[in-house]
Amino acid sequence: MHEFETHVDWIIASLHVSSSRKLEIRHELLSHLKAAYEEEFARVSDHKCACAMALERLGDPAHLSLELKIGIPVTELIVRSARRTLLIFALQILVFLPVFLILTLDPEMNILSESDTQNLAAFARPFLSGQFVIAFNLFLIGLFLEWIDVRSPVVANRWIGAGIKSAIPFVILMASGSLYALLAGASAYSIFFVSRWIAISLLIAFAVPFVVALLKRETSHLQNWQRKPTLISE
Amino acid sequence: MTDIHGDKLRGHLDTMILSLLEGGVAHGFEILKRMEISGNGLLHMKEGSLYPALYRLESAGLIAGSWEDGANGRRGARRRFYRLTPKGKRQLQRGREEWKEFVKVVGTILLAPT
Chain A
3 MHEFETHVDW IIASLHVSSS RKLEIRHELL SHLKAAYEEE FARVSDHKCA
53 CAMALERLGD PAHLSLELKI GIPVTELIVR SARRTLLIFA LQILVFLPVF
103 LILTLDPEMN ILSESDTQNL AAFARPFLSG QFVIAFNLFL IGLFLEWIDV
153 RSPVVANRWI GAGIKSAIPF VILMASGSLY ALLAGASAYS IFFVSRWIAI
203 SLLIAFAVPF VVALLKRETS HLQNWQRKPT LISE
Chain B
137 MTDIHGDKLR GHLDTMILSL LEGGVAHGFE ILKRMEISGN GLLHMKEGSL
187 YPALYRLESA GLIAGSWEDG ANGRRGARRR FYRLTPKGKR QLQRGREEWK
237 EFVKVVGTIL LAPT
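In order, the protein sequence lines correspond to chains A and B. Residues 3 to 236, numbered by my numbering, are exactly what the first sequence covers, in order. Residues 137 to 250, numbered by my numbering, are exactly what the second sequence covers, in order.
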C-alpha cells in the first residue's frame with residue numbers, strides 16, 4: 003500500500019545505516035502495517051479508516067525514527083562511515099590522478115622545471131598524503147556528525163547543535179594539518195607555504211567531497227520536508 | 137484492573153520480549169499478539185516501539201532473526217521471525233530474578249503499613 007510505503011520511507015530516511023539494513027527495516031515495518039491493516043479492516047470494513055488505524059497503532063513516525071536511530075550500534079556507524087570513506091578515497095584518486103599527471107607531465111603545464119620523473123616524485127607523495135588525510139577527515143567528520151545527531155542531548159537545541167557541527171570540521175582540519183605534514187615529509191608549518199598548485203588541488207580535493215556531502219544532507223532534508231505533511235497521520 | 141501504558145512498560149520491554157519468545161519462534165506482530173493475550177489486553181504500547189527493542193536484542197545476541205521464505209519483491213513486506221538464543225535464555229533467567237527482587241523490595245516499601 004502506497005500510504006504505508008511513504009510512511010515507512012519517512013521513518014527510515016534519516017537512519018545512519020546501510021541501504022540494505024534500511025531495506026530490511028522497511029520490509030519488517032511494512033509487514034507489520036499490513037498485518038495491522040488486515041486486522042483493522044476485518045473490524046471496520048473501511049479501507050481509509052483501517053489505514054489510519056494501522057498507522058496510529060504503529061505510533062508517531064518521528065518518535066519511532068528516533069528510537070531506531072538510538073538503537074544503531076556505534077560499530078555499525080563506524081563500519082558504514084569507513085566504507086563510505088574508502089569509496090570517497092578511491093573516487094578522489096580516480097578523479098584527481100589525471101589532473102596531477104597533466105599538471106606534472108604536460109610541457110605546457112609543467113609546474114616545476116625538473117624532469118618528468120622528478121616532477122612525479124615531487125607530487126606523488128603530497129598528493130597521496132593529502133588525499134589520505136582528506137579521506138580520514140571525512141571519515142571522522144561523518145562519523146561524529148552521525149553520532150551526535152542522536153546521542154548528544156546538547157544537539158536538542160538546534161543552534162548549539164549547528165554550532166558544534168560547524169566547529170568540528172575546523173578542529174579536525176587543524177589537527178590533520180600536522181598529520182599531513184608528517185606524511186608528506188614537510189615540517190609542521192611549511193604546509194601553509196606549499197606550492198600554489200598543490201594548495202589549489204588540495205582545496206579542490208577538499209571541496210568536492212565536502213560539497214557532495216553537504217548537498218546530500220540538504221537533499222535528504224528537503225525530501226523530508228516535502229514528504230512530512232502527507233506522512234504524519236493526524 | 138487498570139490499563140498499563142507504554143511509559144510504565146519501558147525498562148521491562150526487553151525482558152518481556154525474551155519471555156514471550158520462550159514460547160517459540162515469532163515475528164514482530166505475533167509477539168505483540170502474545171503480549172496482548174498474556175497481559176489480558178491491559179498492556180498498551182505503540183506497536184512501532186517493539187522493533188527498536190527487537191533490533192537491540194538481536195544486536196546483543198539475545199535473539200536471532202531469520203526472514204520468512206518466499207520473495208515478495210525487493211520493496212515489499214516480509215516478516216522476520218525471531219527466536220531466543222542460549223544467551224537470551226540466560227539473560228531471561230537473570231531478568232526474572234531481578235524482577236522478583238524488584239517486586240520484593242518495592243512491595244515492601246509500598247505495602248508497608250503506615
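Rather than coming from a laboratory, the hints here were simulated on the basis of the structure. Nothing here was measured: the structure is a model prediction, and the numbers come from that model. Beta carbons: idealized from backbone N, C-alpha and C, even for Gly. Take these hints with a grain of salt, some might be off.
The calculated label-pair distances, taken between Cβ atoms and stated as ranges, are [stated by the list, open to error]:
#1 88/A - 174/B: 43 to 49 angstroms
#2 176/B - 7/A: 44 to 50 angstroms
#3 48/A - 244/B: 50 to 56 angstroms
Pairwise beta carbon distance, residue 48/A to residue 244/B, judged against the given window 50 to 56 angstroms
51 angstroms Cβ-Cβ, so the 50 to 56 angstroms window holds.
Using the beta carbons of residue 88/A and residue 174/B, state whether their distance is inside 43 to 49 angstroms or not.
Taking Cβ atoms as reference, residue 88/A and residue 174/B lie about 47 angstroms apart, which means the hint holds.
Supplied distance hint 44 to 50 angstroms, evaluated on CB atoms of residue 176/B and residue 7/A:
violated, 35 angstroms
Going down the numbered hints, you'll see the structure goes against just number 2.
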